[in-house]
Amino acid sequence: MRFKIARDKLLAPLQTVSSVVERRATLPILSNVLLRFGNDRLTLTGTDMEIEMSAWTDLPGLEGFSTTLPAKKFVDICRSLPDGAEVELNFEDGRANIRSGRSRFALSTLPPVNFPSTDNGGFDGLADGEGDEQWHSYQLQQSQLKRLFDRVAFSMAHQDVRYFLNGLLLELDGDQLRSIATDGHRLALCRLPASQPLGDKRQALIPRKAITELGRLLSDSENPCRLAISDNHIRVDLDGLRFISKLIDGRFPDYERAIPRSNDQFFLAQRDSLRQALQRTAVLASESQFGVRLNLEENHLRMQMHNADQDEALEELEVEYCGNPIEIGFNISYLLDVVNAIKNDRLSVAIANSNSSALIQAEGDDSAIYVVMPMRL
Amino acid sequence: MHAPDAPHCPVYWPRAIILVDMDAFFASVEQRDFPELRGRAVVVTNGEAGSTIITCSYEARALGIKTGMRLKEARLLCPDLIRQPTRPEVYAEVSTQIMRALANLTPTMEVFSVDEAFLDVTQCQRLFGTPARMARLAKKLVFDASGLHCSVGVSGDRTTAKYAAKLQKPDGLTVIPPWEATARLAPEPTTALCGIAGGIGRFLAQHGVVRCGDMHKLPISVLARRFGNPGRRIWLMCQGRDPEPIHTDIPGPKSVGHGKVLPPGTRARDALLIYLHHMSEKVAARLRKHDLEAQRYFIGLKLELGWVGAKLQLATPEADGNELFALCRFVLESEWHGEAVGQVQVTALDPRPAQRQLGLFDDNHARHERDAAHHAVDSVNARFGKLTLAPARLLGRDDQPDVIAPAWKPDGLRRTV
Numbered sequence: 123m124r125f126k127i128a129r130d131k132l133l134a135p136l137q138t139v140s141s142v143v144e145r146r147a148t149l150p151i152l153s154n155v156l157l158r159f160g161n162d163r164l165t166l167t168g169t170d171m172e173i174e175m176s177a178w179t180d181l182p183g184l185e186g187f188s189t190t191l192p193a194k195k196f197v198d199i200c201r202s203l204p205d206g207a208e209v210e211l212n213f214e215d216g217r218a219n220i221r222s223g224r225s226r227f228a229l230s231t232l233p234p235v236n237f238p239s240t241d242n243g244g245f246d247g248l249a250d251g252e253g254d255e256q257w258h259s260y261q262l263q264q265s266q267l268k269r270l271f272d273r274v275a276f277s278m279a280h281q282d283v284r285y286f287l288n289g290l291l292l293e294l295d296g297d298q299l300r301s302i303a304t305d306g307h308r309l310a311l312c313r314l315p316a317s318q319p320l321g322d323k324r325q326a327l328i329p330r331k332a333i334t335e336l337g338r339l340l341s342d343s344e345n346p347c348r349l350a351i352s353d354n355h356i357r358v359d360l361d362g363l364r365f366i367s368k369l370i371d372g373r374f375p376d377y378e379r380a381i382p383r384s385n386d387q388f389f390l391a392q393r394d395s396l397r398q399a400l401q402r403t404a405v406l407a408s409e410s411q412f413g414v415r416l417n418l419e420e421n422h423l424r425m426q427m428h429n430a431d432q433d434e435a436l437e438e439l440e441v442e443y444c445g446n447p448i449e450i451g452f453n454i455s456y457l458l459d460v461v462n463a464i465k466n467d468r469l470s471v472a473i474a475n476s477n478s479s480a481l482i483q484a485e486g487d488d489s490a491i492y493v494v495m496p497m498r499l
Numbered sequence: 003m004h005a006p007d008a009p010h011c012p013v014y015w016p017r018a019i020i021l022v023d024m025d026a027f028f029a030s031v032e033q034r035d036f037p038e039l040r041g042r043a044v045v046v047t048n049g050e051a052g053s054t055i056i057t058c059s060y061e062a063r064a065l066g067i068k069t070g071m072r073l074k075e076a077r078l079l080c081p082d083l084i085r086q087p088t089r090p091e092v093y094a095e096v097s098t099q100i101m102r103a104l105a106n107l108t109p110t111m112e113v114f115s116v117d118e119a120f121l122d123v124t125q126c127q128r129l130f131g132t133p134a135r136m137a138r139l140a141k142k143l144v145f146d147a148s149g150l151h152c153s154v155g156v157s158g159d160r161t162t163a164k165y166a167a168k169l170q171k172p173d174g175l176t177v178i179p180p181w182e183a184t185a186r187l188a189p190e191p192t193t194a195l196c197g198i199a200g201g202i203g204r205f206l207a208q209h210g211v212v213r214c215g216d217m218h219k220l221p222i223s224v225l226a227r228r229f230g231n232p233g234r235r236i237w238l239m240c241q242g243r244d245p246e247p248i249h250t251d252i253p254g255p256k257s258v259g260h261g262k263v264l265p266p267g268t269r270a271r272d273a274l275l276i277y278l279h280h281m282s283e284k285v286a287a288r289l290r291k292h293d294l295e296a297q298r299y300f301i302g303l304k305l306e307l308g309w310v311g312a313k314l315q316l317a318t319p320e321a322d323g324n325e326l327f328a329l330c331r332f333v334l335e336s337e338w339h340g341e342a343v344g345q346v347q348v349t350a351l352d353p354r355p356a357q358r359q360l361g362l363f364d365d366n367h368a369r370h371e372r373d374a375a376h377h378a379v380d381s382v383n384a385r386f387g388k389l390t391l392a393p394a395r396l397l398g399r400d401d402q403p404d405v406i407a408p409a410w411k412p413d414g415l416r417r418t419v
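Residue numbers (the numbering used here), protein chains in the order written: chain E, 123 to 499; chain P, 3 to 419.
Calculated from the structure, these hints are not laboratory results. It is possible that some hints are incorrect.
Computed footprint of chain P on chain E, listed as stretches where at least three residues anywhere in the stretch have a Cβ under 8 Å from a Cβ of chain P [what the hints assert, rightly or not]:
1. 299 to 310
2. 491 to 498
Here are the simulated distance ranges between beta carbons [what the hints assert, rightly or not]:
3. Asp487/E <-> Arg372/P: 35 to 41 Å
4. Arg373/E <-> Leu397/P: 36 to 42 Å
5. Lys291/P <-> Asp431/E: 22 to 28 Å
6. Asp272/P <-> Asp488/E: 55 to 61 Å
7. Ser455/E <-> Arg298/P: 22 to 28 Å
Residues from chain E that face chain P, not an exhaustive set, calculated with beta carbons under 7 Å [what the hints assert, rightly or not]:
8. Val283
9. Pro375
10. Ala380
11. Ser410
Ideal Cβ placement from N, Cα and C applies to all residues, glycine included.
One chain only, chain E, in its complex shape (with noise of 0.2 Å):
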């Protein structure tokens, strides 16, 4: 089996793959990337048991045919190929030569048979729905998929005893998709309008690293994307790539109790200036003190915090308030990663006391709405 493809081709489809390619595998199988020939195209696919990733180059005229090969030593070496570079792949008796200009590796491969891949790719001729699972998929375009996930990834926990929170929700609901995270202290939520019918109520609660993942795959295009879901995976198609995550298997808590309705204390801020005001005052944070103290009288809000070191900030603002004189205190990076998140120029905050959460949204926008539970202070 002997074939040639430029550098480039070959080189972006491995990157992409090799990054789900864990450094030290427990399985020698799960270091080397798998290289499938066929359908008049090559396929290459990473995994980690939990994500795979495939991505595919034309290279007609082959026959069928498959290995794998140490991912990290060939993308290396493709890499530090020059650019044009044309490079010959021969595969003999359990090894891959790779010849190049006047550069020559041999490369020990390890038989497919053992790669841990869920998708057939197409190659054993199924398509979607035919094999052992049920798949749900809808179409939509890359930059709605990609506000979905990167409007509240940031409240997802990290590492959690409660191992259903280290991921987030994808709900899809009758006209609407809806995507959630939590991590017990705070909450993220973004609506999204279907422009397809979607039916009954699907949920997926997709693990934290899949989502990182995807946040590098998505790009803020109107490209298509497919998301197909089944009741133990979810998979996203992408010009050339397909992304394949296990899903968590836990039940996700009941978010809707956890966001209030009945706040009646609201105050409108400049997204920039209170922004600006957190910043400067979360200097003063650390690692165990980070709690911004808030104190709200009519149109004017004073923000301090102090540290161990005796340090103390004050910040006032001028804001929209003519509810009751109201102090409430928060961890300062949450307030900043919900003010981040959202882009439009004026935020409405929602309070009832100082015991109860707040409820964060751009002014006049409910598409995407943050829960912040306070500190006692």
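Use these hints to put chain P onto chain E, whose structure you have.
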């Protein structure tokens, strides 16, 4: 650093550091408490079985007996040597009294070890007078609090103060004004200073620095390249300019735990539950006392063949005896099969400052009520004694002393040596 024109006039030192070092601390406490030991060669060993000398009285030192010597060797030097077993609780108590007394001089105090403390009295010169006067005051405070003598060194930095304290012992007082520090240290070998051990000493000797006075010939960058900031400090230290401040903050604990040695052959389930509940309550109360909470715990049972137990994690950080006891029950169910238990241990592995963050999915009202209950229980127990208010199961507890912890600081979380 300038020499004052008239040294007899009061001159404010730019920095004034006092080191108080107890004289043969453990041995002196023994001689204080047992008059028959006074004037005799006394050595302190770890219990009746200890074979190494932890410390010895000045009478013993006069005969050439030193800390770290084997008891056998010491007896060769002094056949009628008296051996006293350690009484760690007493030393801890005396040390606490001494440190509390010294705190009357200045709050800027660092408890360096059980029998040493640094005091930064720079800011007290207007209040109490010259550093030398304050040093005499410190000696008096120590003596009034404990009836024991100490040696005191006074200078403008830690290292010189520590060096000074060693010059006259016992019951000494040595003052090295900061402007004399460089000259006084100059003839001393570098390794005579606290913090310069063999390795650094060899490095310095290779670079031609044997005495502190040689240091100024060596560029500071040589030390900085080899040892980083500690190297820069050594360069300054040798010239009587140690910049290290007095550390008043005590770093947070790495773990908080309680253990108990059980009567031999304890294998009754109810008894084990009582011990475990008791330890859980103690750990939780101590976490709360210091405004800490923890998520990961070790719960261990010492069986004949060694420890069994588990490291377990709660869903959220807590400082609650009942949550902790639930983990103990779990360990007892899963790891214990009726064997005799020699010791139980409950340890919080990741104590951290208690958070006041409220949870979205928690029952914040219940939590608030529980915190209020803890507060009430802790207040009652603070006034009327530990575990005056306690879970009913603890009525059956026995009040053996706790297992003694290996490290100790008077203001830290450990209350025993």
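Hint check results:
no. : hint                              : in the structure
1   : 299 to 310                        : holds (count 5)
2   : 491 to 498                        : holds (count 5)
3   : Asp487/E <-> Arg372/P: 35 to 41 Å : holds (39 Å)
4   : Arg373/E <-> Leu397/P: 36 to 42 Å : holds (41 Å)
5   : Lys291/P <-> Asp431/E: 22 to 28 Å : holds (23 Å)
6   : Asp272/P <-> Asp488/E: 55 to 61 Å : holds (58 Å)
7   : Ser455/E <-> Arg298/P: 22 to 28 Å : holds (23 Å)
8   : Val283                            : holds (5 Å)
9   : Pro375                            : holds (5 Å)
10  : Ala380                            : holds (4 Å)
11  : Ser410                            : holds (5 Å)
When held up to the earlier numbered hints, the structure conflicts with none and fits them all.
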